[in-house]
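Respectively, the protein sequence lines represent chains A and B. Residues in the first sequence are numbered consecutively from 1, following our numbering. Residues in the second sequence are numbered consecutively from 1, following our numbering.
If you're looking for bench data, these hints aren't it; they were derived computationally from the structure. In this text, a Cβ means the ideal position worked out from N, Cα and C, and glycines have one as well. Don't take every hint at face value.
Stated by the list, open to error - Away from chain B, derived, C-beta distances all over 10 angstroms, residues of chain A:
(1) Met1
(2) Met2
(3) Val50
(4) Gln54
(5) Lys57
(6) Pro108
(7) Ala128
(8) Gly161
What the hints assert, rightly or not - Derived DSBU-like pairs: lysine-lysine, alpha-carbon spacing no greater than 35 angstroms straight-line:
(9) Lys3(A) to Lys112(A)
(10) Lys3(A) to Lys179(B)
(11) Lys64(A) to Lys179(B)
(12) Lys179(B) to Lys57(A)
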Amino acid sequence: MMKWLKAKRWRPYVAGALIGFLSWFTFLTVDRPIGVSSAVVRTVAMAESVAAPQHVKTNLYFQKFPASIDWEWALVAGMLAGAALSSRLSGSASVERVPELWMRRFGPSVAKRYAAAFLGGVLLIGGARLAGGCTSGHGISGSLQLALSSWTFFLTLFASGVAAAAWLYGKEDRHG
Amino acid sequence: MAEPLSRIALGLLSGVLFGFVLEKAGVTRFETIVNQFRFRDFTVLKVMLTAIVIGGVGVHAFRALGWVHLSIKPAQMAAVIVGGLVFGVGMALLGYCPGTGIAAMATGSRHAAVGVLGMLVGAAVFAELYPWAASTILRVWNLGSVTLPDITGWPAWLILTLLTVVALGVFGLVERFEKRKV
Numbered sequence: 001m002m003k004w005l006k007a008k009r010w011r012p013y014v015a016g017a018l019i020g021f022l023s024w025f026t027f028l029t030v031d032r033p034i035g036v037s038s039a040v041v042r043t044v045a046m047a048e049s050v051a052a053p054q055h056v057k058t059n060l061y062f063q064k065f066p067a068s069i070d071w072e073w074a075l076v077a078g079m080l081a082g083a084a085l086s087s088r089l090s091g092s093a094s095v096e097r098v099p100e101l102w103m104r105r106f107g108p109s110v111a112k113r114y115a116a117a118f119l120g121g122v123l124l125i126g127g128a129r130l131a132g133g134c135t136s137g138h139g140i141s142g143s144l145q146l147a148l149s150s151w152t153f154f155l156t157l158f159a160s161g162v163a164a165a166a167w168l169y170g171k172e173d174r175h176g
Numbered sequence: 001m002a003e004p005l006s007r008i009a010l011g012l013l014s015g016v017l018f019g020f021v022l023e024k025a026g027v028t029r030f031e032t033i034v035n036q037f038r039f040r041d042f043t044v045l046k047v048m049l050t051a052i053v054i055g056g057v058g059v060h061a062f063r064a065l066g067w068v069h070l071s072i073k074p075a076q077m078a079a080v081i082v083g084g085l086v087f088g089v090g091m092a093l094l095g096y097c098p099g100t101g102i103a104a105m106a107t108g109s110r111h112a113a114v115g116v117l118g119m120l121v122g123a124a125v126f127a128e129l130y131p132w133a134a135s136t137i138l139r140v141w142n143l144g145s146v147t148l149p150d151i152t153g154w155p156a157w158l159i160l161t162l163l164t165v166v167a168l169g170v171f172g173l174v175e176r177f178e179k180r181k182v
């Protein structure tokens, strides 16, 4: 058991099956699908409540996702602990500023990588909130519920990601 | 606080398990995500399709027993498609999605933490633009909270069976493709 928990990687089918079982668990315990991106909105509502409480009260979107800790927010907080635990058990936790693949293509500049990562984050949540969910809420949870919106999102994001990755990282470093 | 403590505890527990499995799956690594889009690593597809098939069979069975309810996000098709396009670019740039980026931050990835900061700023911007979006793009081609069984008229079990067959076919092809490349 401990050896399994300390492993660096699990087979993707095993990990996928466990996420499937976890979705059974969340439906059976709280009758909710796994999701992540709305917790990000709640976090912003919490932060803005300190500086501009009146603005948060009147904003339509923060009325949908108010500055309070709900089940999903707790889930996202738990994810930090779970990933930290897993990576420390296996010894794979490491400080990474510029990933290798990025470095090969765009050089070692930390500022450049951080700028791209920041922009990527903005686009991710912009896209997710416009579509109503992310890779978790739409991609996994919505698809397993056979939602039309979620399959549309999943296929669109995949096509867009393939095109963007081809444009960004090109065809260099061909396998082998 | 509106949410009862028991639900918060269940959320935390589910999150710990989710974060743990994501890290073990290797999807908290930049290369795993980007190389899926470059068709050089099929981990993401394997994890997601397996989770969808197994999760889907269970959740639909529980639903038939009356134990759970589906929560179907509305098919506001214009917003879903534009959102998906923007999301895909963001995912290729950051090398994580929101969940895996947040998890990666906890494993020490500093650029993932910068990405999460970007997510917070993105959420703040979206909250300001939401009233505009709600009266425009979110209304365009809105089919409501429909499912694949709704639009095809086929029962969920049939679609799940087909999906399982397709997933197994994809896995078979991918495994062969990976063997050939090594």
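Hint check:
With a cut of 10 angstroms on Cβ distances, Met1(A) stays outside the contact zone with chain B, its closest approach being about 14 angstroms. Non-interface call for Met2(A) relative to chain B: holds, since the shortest CB-CB distance, roughly 14 angstroms, exceeds 10 angstroms. Distance to chain B confirms Val50(A) as a non-interface residue, since its nearest Cβ pair spans about 13 angstroms, more than 10 angstroms. With a least beta-carbon separation of about 14 angstroms from chain B, Gln54(A) lies farther than 10 angstroms from that chain, consistent with its non-interface assignment.
In this structure Lys57(A) is separated from chain B by more than 10 angstroms, as the shortest Cβ-Cβ distance comes to about 12 angstroms. In this structure Pro108(A) is separated from chain B by more than 10 angstroms, as the shortest Cβ-Cβ distance comes to about 12 angstroms. At roughly 6 angstroms from the closest C-beta of chain B, the C-beta of Ala128(A) falls inside 10 angstroms, breaking its exclusion from the interface. Chain B draws Gly161(A) into its interface by the beta-carbon criterion, the shortest separation being 4 angstroms against a cut-off of 10 angstroms.
A threshold of 35 angstroms between alpha carbons decides the hint, and for Lys3(A) with Lys112(A) the separation of about 39 angstroms lies outside it, so the pair is violated. Distance restraint check for Lys3(A) and Lys179(B): the Cα-Cα separation of roughly 27 angstroms lies within the 35 angstroms cut-off, and the hinted pair is therefore satisfied. Between Lys64(A) and Lys179(B), the direct Cα distance comes to roughly 48 angstroms. Violation of the 35 angstroms bound is thereby established for this hinted pair. Distance check on the hinted pair: Lys179(B) and Lys57(A) sit about 56 angstroms apart at the alpha-carbon level, beyond 35 angstroms; violated.
In this structure, the earlier hints numbered 7, 8, 9, 11, 12 are contradicted, and the remaining ones agree with it.
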